[in-house]
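A.B. asks: Below are the chains, spelled out letter by letter.
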Amino acid sequence: MSSRRARQSSSSSGSSRISDDQIIELVSKLRQFLPEIRDNRRSNKASASKVLQETCNYIRNLHREVDDLSERLSQLLSTIDADSPEAAIIRSLI
Amino acid sequence: MMTCSTSHRLKMRADKSLLRQKFLKKWVKLLQLYTSSEKLATVIERKKLIELSADVALASARGGTTRWSRALIASAFKDSHDKTPCCANGGERTLHESITRKITSKKVLQRIRGGASKEAQASSSNRIPASSIAKRLVKKRTKLLKKIVPGGESMDNVSLISETLDYIISLRAQIDVMRSLVYLSGHLDA
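Residue numbers (numbering that gives the first Met the number 0), protein chains in the order written: chain Y, 0 to 93; chain G, 0 to 189.
For the record, the hints were derived by calculation from the structure and aren't laboratory data. Being a predicted model, the structure only gives us computed values, none of them experimental. Note that beta-carbon positions come from the ideal geometry of N, C-alpha and C, so glycine has one too. Accuracy of the hints is not assured; some may be wrong.
Take a look, some chain G residues computed to stay more than 10 Å from chain Y by CB distance [as the list claims (entries may be wrong)]:
| no. | residue |
| --- | --- |
| 1 | S16 |
| 2 | L17 |
| 3 | R69 |
| 4 | R171 |
| 5 | Q173 |
Using 20 Å as the maximum straight-line C-alpha spacing, the simulated SDA-like pairs for lysine to any residue come out as follows [unchecked claim]:
| no. | chain 1 | residue 1 | chain 2 | residue 2 |
| --- | --- | --- | --- | --- |
| 6 | G | K28 | Y | V65 |
| 7 | Y | K28 | G | K28 |
| 8 | G | K138 | Y | V65 |
| 9 | Y | K28 | G | A13 |
| 10 | G | K142 | G | S153 |
| 11 | G | K28 | Y | L75 |
Make a model of the complete structure from these sequences and hints.
C.D. replies: Listed below in structure tokens is the structure:
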């Protein structure tokens, strides 16, 4: 089944390329976050590049979401004030 | 992984909740440093504060165990003279100065968004084997990922993967907490 799994890819410049095993490990872990990534057995390189791209896109989406949430928070928390009711709620959460 | 999976999942859930708590604690601490600051008059400055302090809090919740978190904190300290690495208590004053400087500067703080990913140029010659195009793509996208993950530029590919995973997990925790806060704030009767 996975007999073509090469330990280190033929050009063993390990410092500049991710090996297939590492990609497989990454895929399995990322699968919980990115259900779209399917196990592409046709070419390990193609799936490696796809995984990298999906990962980059995913992280960028996360950044955008944090940015958006910060925007909304900055409007909602009109004063980051020790006496405001929001601060009291926050303190009670800790 | 038959019988282990349930306990594994439980552990992961506990870890997630622990991370969120750590993040929230540190974040609130940082935010409270600015409770009566007049420098935060504008929405933009408040947003900068929220975002910057959230990032620092997230990174410090890792306790210096990951490179991305150390890199993130280092960049927050970039302007300050004192090069002490961030820690829970002692570094707060210095961090305070550094954050204040960043927030009140004219430049808007931007996350590292990574350059627009340039897709591999369609090759006009048909003789280039698919495998070498794929190799180039992997290399390109690895570089892109390194730009997106804090401190990625100096990581080898092996650590890049584990750091990326940790970074993603942390970002999700950060988002969870911020979302809850938005929900709370929106539902408060002032």
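A.B. asks: Now look at each hint and say whether the structure bears it out.
C.D. replies: Going through the hints against the structure:
1. The non-interface label for S16(G) is consistent with chain Y: the shortest C-beta to C-beta separation is roughly 13 Å, beyond 10 Å.
2. Distance check on L17(G): its Cβ is at least 14 Å (rounded) from any Cβ of chain Y, clearing the 10 Å threshold; non-interface status holds.
3. At roughly 18 Å from the closest C-beta of chain Y, the C-beta of R69(G) stays outside 10 Å, upholding its exclusion from the interface.
4. For R171(G), the shortest C-beta to C-beta distance to chain Y comes to about 7 Å, within the 10 Å cut-off, and the non-interface label is violated.
5. A beta-carbon of chain Y comes within 10 Å of the beta-carbon of Q173(G); the shortest separation is about 6 Å.
6. For the given pair, K28(G) sits about 19 Å from V65(Y) by alpha-carbon distance, which is consistent with the 20 Å threshold.
7. At most 20 Å may separate the alpha-carbon atoms for a hinted pair to count; K28(Y) and K28(G) exceed this at roughly 33 Å.
8. Using a Cα cut-off of 20 Å, the hinted pair K138(G) and V65(Y) is violated, with the two alpha carbons roughly 28 Å apart.
9. A distance of roughly 18 Å separates the Cα atoms of K28(Y) and A13(G); the hinted pair therefore holds under the 20 Å criterion.
10. Using a Cα cut-off of 20 Å, the hinted pair K142(G) and S153(G) holds, with the two alpha carbons roughly 11 Å apart.
11. With a CA separation close to 19 Å, the supplied pair K28(G) and L75(Y) stays within the 20 Å bound.
Hint compliance for this structure: hints 4, 5, 7 and 8 are not met, and every other hint is.
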